[in-house]
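Student: So you can see what is in the structure, the chains are spelled out below.
There are 2 protein chains.
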Amino acid sequence: MHANQPTNQPTNQRFMRDAILEAENGIKKGHGGPFGAVIVKENKIIGRGHNKVFKENNPTLHGEMVAITDACKNLKTFDLQGCDIYTTGEPCPMCLCALMWANIENIYYGCTIKDNEIIGFRDDKLNSILNIDRKKITNLHELDRNACLALFDKYNNTKDKRNY
Amino acid sequence: MHANQPTNQPTNQRFMRDAILEAENGIKKGHGGPFGAVIVKENKIIGRGHNKVFKENNPTLHGEMVAITDACKNLKTFDLQGCDIYTTGEPCPMCLCALMWANIENIYYGCTIKDNEIIGFRDDKLNSILNIDRKKITNLHELDRNACLALFDKYNNTKDKRNY
Chain C
72 MHANQPTNQP
82 TNQRFMRDAI
92 LEAENGIKKG
102 HGGPFGAVIV
112 KENKIIGRGH
122 NKVFKENNPT
132 LHGEMVAITD
142 ACKNLKTFDL
152 QGCDIYTTGE
162 PCPMCLCALM
172 WANIENIYYG
182 CTIKDNEIIG
192 FRDDKLNSIL
202 NIDRKKITNL
212 HELDRNACLA
222 LFDKYNNTKD
232 KRNY
Chain V
72 MHANQPTNQP
82 TNQRFMRDAI
92 LEAENGIKKG
102 HGGPFGAVIV
112 KENKIIGRGH
122 NKVFKENNPT
132 LHGEMVAITD
142 ACKNLKTFDL
152 QGCDIYTTGE
162 PCPMCLCALM
172 WANIENIYYG
182 CTIKDNEIIG
192 FRDDKLNSIL
202 NIDRKKITNL
212 HELDRNACLA
222 LFDKYNNTKD
232 KRNY
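Quick mapping for you: the protein sequence lines, in order, are chains C and V. By this note's numbering, the letter at position 159 of the first sequence is numbered 230, and the numbering carries on one by one without gaps. By this note's numbering, the letter at position 103 of the second sequence is numbered 174, and the numbering carries on one by one without gaps.
Bound-form chain C, shown alone (with noise of 0.2 Å):
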């Protein structure tokens, strides 16, 4: 995909890369997980953020919800309608029902909700406990899972991986 991609091109693997890019910085950092986002409107990035679960001792700073709070404080709204959201994992569930109240219109994911077992987090286990069925919600795409999976490989391979 080129940087001159159509404007209306949806999945723009770009803006992956961006939310890749996001993600590597907060593993450097050590702020958490190797999760990062970034949301779009209009084909320019509005908000973005990585997980920072260990920085900020918060179980509720995933990369989705600090690129919600960087994206509504940026619009200055807390109805993001007419964005999209790029993440370097498919949302778990509390991340998912966040961007549905902040009205997020597409939602493009990296690595798939089973994929964060591999490095050891509970997302697929909390959905199975809250029994949700990914295949009825329409505005979940893939994404770039390769580039996603080099990503969870390199938090994998730090030597001061952590999980929660």
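FYI, nobody ran anything at the bench for these hints, they're computed from the structure. Do not rely on the hints blindly, as some may be mistaken.
Repeated chains share a single entry, so a pair holds when one copy, or any two copies, can fit it.
[Stated by the list, open to error] When the alpha-carbon atoms are kept at most 30 Å apart in a straight line, the in silico DSS-like pairs for lysine-lysine are as follows:
(1) K147 to K230
(2) K112 to K126
(3) K196 to K206
(4) K147 to K206
(5) K112 to K144
(6) K144 to K230
(7) K147 to K232
Could you slot chain V onto chain C? The hints should help.
Tutor: Relative to chain C, chain V alone:
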């Protein structure tokens, strides 16, 4: 229920009263919906919060999320094992999963998720989209619904009532 209730009494209405006071404080300040929560460990409140969606322009700041953030800050940990939460409204899926990430043991709620419809919030609609069967979630306990319905009624009658 008396203040000298045995410390091992699990469903302590005193804590629900504190959650209601927290919600009333939020309504008075125009911070958000009528949702307050306290987190309790060994019979002491170690975190509290009310909905701040309007105040902070942030759709993730439900009462439970604010209370988790406060409790984790106070205890300097992202793991609230051994803690219970008392919340004026049954948690939406976002908050329910956040409470799981935080390892909260028991969730005591006042109004049911269906009661939220009366005051114009989408909790039950989002729960239906995610198809969560709450009967299967064994640590969810209804407590003191009538007092919380009175709180919801108070919110419904505020002049500048808003929804999201």
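Student: Which earlier hints can't be squared with this structure?
Tutor: 4
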